[in-house]
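Chain G is fixed; fit chain P onto it per the hints.
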Amino acid sequence: MKKYAWIIGAAVSLAAAGAASAGTLDDVKAKGFIQCGVSQGLIGFSNPDAQNNWTGLDVDYCRAVAAAVFGDASKVKYTSLSAKDRFPALQSGEIDILSRNTTWTMGRDTAQGLKFAGVMYYDGQGFMVKKALGVDSALKLNGAAVCTQTGTTTELNLADYFKANKMEYKLVAFEKNEEVLAAYQDGRCDAYTTDQSGIYAERLKLATPDDHLVLPELISKEPLGPLVRQGDDAWFNVAKWTYYALLNAEELGVTAANVDEMMKSENPEIKRLLGVKNADGTAQGFGTGIGLSEEWAYNIVKQVGNYGEIFERNLGQSTNMKIARGKNALWKDGGLQYGMPIR
Amino acid sequence: MSQASGHTGDRRISLWNDPRVRSVAAQVFLALVLIAFYFAIFQNLTENLKLRNITSGWDFLNKTAGFDINTSLTGYNSNSSYYEALKAGFLNTLLVAVLGIIFATVIGFIVGVMRLSKNWVVAKVATAYIEILRNIPLLLQIFVWYGAVLKPLPGPRDALSIGGVAFLSNRGLVLARPIWGDGAWMGLVGLALALVLAVVIGRWAKRHQMATGIHFPARWVGAGLIIALPLAFFALAGWPVTFDYPELGGFNFKGGATIVPEFMALLLALSIYTATYIAEAVRAGIQAISHGQTEAALALGLRQGLVTRLVVMPQAMRVIIPPLASQYLNLTKNSSLAVAIGYPDLVYTGGTVLNQTGQAVEIVFIWMAVYLSLSLITSAFMNWFNAKMRLVER
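Chains G and P, in that order, give the protein sequences.
Counting from 1 along the first sequence, just add 209 to a position and that's the residue number in my numbering.
Counting from 1 along the second sequence, just add 123 to a position and that's the residue number in my numbering.
One should not assume that every hint holds.
[To be verified] Once the Cα atoms are required to be at most 25 Å apart in a straight line, the calculated SDA-like pairs of lysine to any residue come out as:
#1 K375(G) to K186(P)
#2 K340(G) to K241(P)
#3 K385(G) to L263(P)
#4 K293(G) to K173(P)
#5 K293(G) to N185(P)
#6 K274(P) to D419(G)
#7 K340(G) to L371(P)
#8 K385(G) to S459(P)
#9 K349(G) to E370(P)
#10 K274(P) to D420(G)
#11 K377(P) to D369(G)
#12 K173(P) to A298(G)
#13 K340(G) to T480(P)
#14 K293(G) to L263(P)
#15 K210(P) to S496(P)
#16 K385(G) to W507(P)
#17 K293(G) to S204(P)
#18 K339(G) to G372(P)
#19 K430(G) to T480(P)
Hints listed in this document are in silico derivations from the structure and should not be mistaken for laboratory results.
For reference, chain G alone in the conformation it holds in the complex:
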């Protein structure tokens, strides 16, 4: 028996060695790119364009992180994930960051070993129905069959909403969004539900978008944001402060176009954001404090733009989505987006 004890001993020490890993920030720097988990195609958030480049709000966030880390927003590789596969992919280390219109919830933030870095888009769950049904409120959906994607908070909100309003419904849920939409179009269900931003995006894919009505009710809070693994503070800080830098840049009026000009600004807040050196030549030190270069925020704004620019480019009036800023306006404009101060 003693003769074989060393095998067990070796195996155990091997396991212990496997468990200890370097921080994600160091790993990312070493491999030279960020592996970013995105959706399987959601217009405005993460969707491949005609040239097969990923575009969207969630994609631009990953590009911003790459700009902060490498000074090059193109150093991102994308992994397209279903709602069901997204968390195991992050937990197992297959991706470094998940930026996939994912709702910030307590369970995910605690027991599932994940950490949300911020809210890129304040959303709520809504419904879409065919105009021909003659329904103008979600409260008139009693008895309806409702299509949605499985493995999302949507399923739970739906159950809660119908229970709270003493209504009945039939759930029809699929793993892939295309199948949900196809089933809705084929009449398998009366209503389609998901986050309202997603409804506007999916409606564009229907044959005649104008035949479908988005109901006014929002039945839940869906703060969508990027997330990383728990227990890796350095990487979490990068994720979180990239988000704040985007917001602060918008608040201070720093855009991709004027950022070089802004480097000469006398405004101390802008100087701190962009890492402009003090008059005596000493560095501000915020970049090194987070484990990046002093130009981290400059690179973000220069290459990706500020939050307002990203929003406008992907979801705003110039796009088919035509989503108003609403809750996603800056705090000083009556919205919820509030960047913690850089100082």
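Frame of chain G; chain P shown alone:
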């Protein structure tokens, strides 16, 4: 035995060279390596889960699931626990697998025999069916069937009525649901009595034929009894049954029992696809029987149907059963493709539970354990059946 004890007495062999000791040592060594390997994996897993602050353990099974499932056999609702959700999924898997196996077998046997038919058209139809359908990926067929079931059907407001008791629409087949009243057990009593009587009559008829050579139509009498007796008992009890008829209310039908289109599509795809393989196994089995057997039976004056039923098939079964068993296993495992069209089987409900609890390891373990046990049970049953059908040499 006596030899083994004898030769240790003759001359002493060093333990190192004793083949028995060596064999035991090798096996113990292998077992220890395996244990160490799994121990290491387990250790690594728990260590890493802890490191990443991911909850593990089985407590989540008792928590409220909170999501709905569109069809279940257990009366599951969103207030039920995760355990109930997994159970509902498991029963749905079982339902589609069992019905799929039955349909696939029936279709497979018919098509297999058809392919050997002397009628050119019949044989070619069977050949075309087999060659086309078994060469198209199953997942694709599931999608096609789902589209084929769903697309042409009308919405619930213009559902096709089948005699007012069943309605077919793109929400599924809605049937009148029987509600059993007091005394409904009388029908069951009648059925049990009929079964016993049928067996008794069958045995008597066999003895009677052996003794006198006179044939008694025991099968027809038995079948008649099984149909008539329960009905008679039921009538005696005063028809204690009412029906819950589906009614169109608002968006959908209310009341009744619904067979969802996802289930129909999956069952169709699984049965029709697996039947092609079963048909080939049946053809192989029949062709394995020497033609001399058929000729001998014909020479004895048996009719063609009797030749197939009494001479060819019993022998062909011995060749057919082993490949049949693996097709049953395939069908059961393939049923997990249900998730693609949203039929809530075990993989589907497990996936939702996984997503909500984040406990991937536990869920994947449950999936593996369930499919493994289902396969082993099917295997064991088929082995038993195979042994029963084996050639009994006299």
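A quick look at each hint next to the structure:
With a C-alpha separation of about 23 Å, the suggested pair K375(G) and K186(P) falls inside the 25 Å cut-off, and the hint holds. For the hint pairing K340(G) with K241(P), the CA-to-CA distance comes to about 58 Å; that exceeds 25 Å, so the pair is violated. Proximity of K385(G) to L263(P) is assessed by CA-CA distance (about 15 Å); at most 25 Å being required, the pair is judged to hold. Proposed proximity of K293(G) and K173(P) is supported: the alpha carbons are some 22 Å apart, at most 25 Å.
At most 25 Å may separate the alpha-carbon atoms for a hinted pair to count; K293(G) and N185(P) meet this at roughly 21 Å. A threshold of 25 Å between alpha carbons decides the hint, and for K274(P) with D419(G) the separation of about 22 Å falls inside it, so the pair holds. Proposed proximity of K340(G) and L371(P) is supported: the alpha carbons are some 20 Å apart, at most 25 Å. This hinted pair checks out: K385(G) and S459(P) have alpha carbons roughly 15 Å apart, not beyond 25 Å.
Straight-line distance between C-alpha atoms of K349(G) and E370(P) comes to about 19 Å, which keeps the hinted pair within the 25 Å bound. At roughly 19 Å between alpha-carbon atoms, K274(P) and D420(G) fall within 25 Å of each other, so this suggested pair holds. This hinted pair checks out: K377(P) and D369(G) have alpha carbons roughly 21 Å apart, not beyond 25 Å. Taking the CA atoms of K173(P) and A298(G), the gap is about 17 Å. The hint holds against a cut of 25 Å.
Taken as a hint, the K340(G) and T480(P) pair is broken in the structure, with Cα atoms around 37 Å apart against an allowance of 25 Å. The suggested pairing of K293(G) with L263(P) holds, with an alpha-carbon distance near 21 Å, which does not exceed 25 Å. Between K210(P) and S496(P), the direct Cα distance comes to roughly 15 Å. Compliance with the 25 Å bound is thereby established for this hinted pair. Our distance criterion of 25 Å between C-alpha atoms is broken by K385(G) and W507(P), whose separation comes to about 42 Å.
This hinted pair checks out: K293(G) and S204(P) have alpha carbons roughly 20 Å apart, not beyond 25 Å. Between the alpha carbons of K339(G) and G372(P) the distance comes to roughly 18 Å, so the proposed pair stays at or under 25 Å and holds. This hinted pair checks out: K430(G) and T480(P) have alpha carbons roughly 20 Å apart, not beyond 25 Å.
Consistency note: the structure conflicts with the earlier hints numbered 2, 13, 16.
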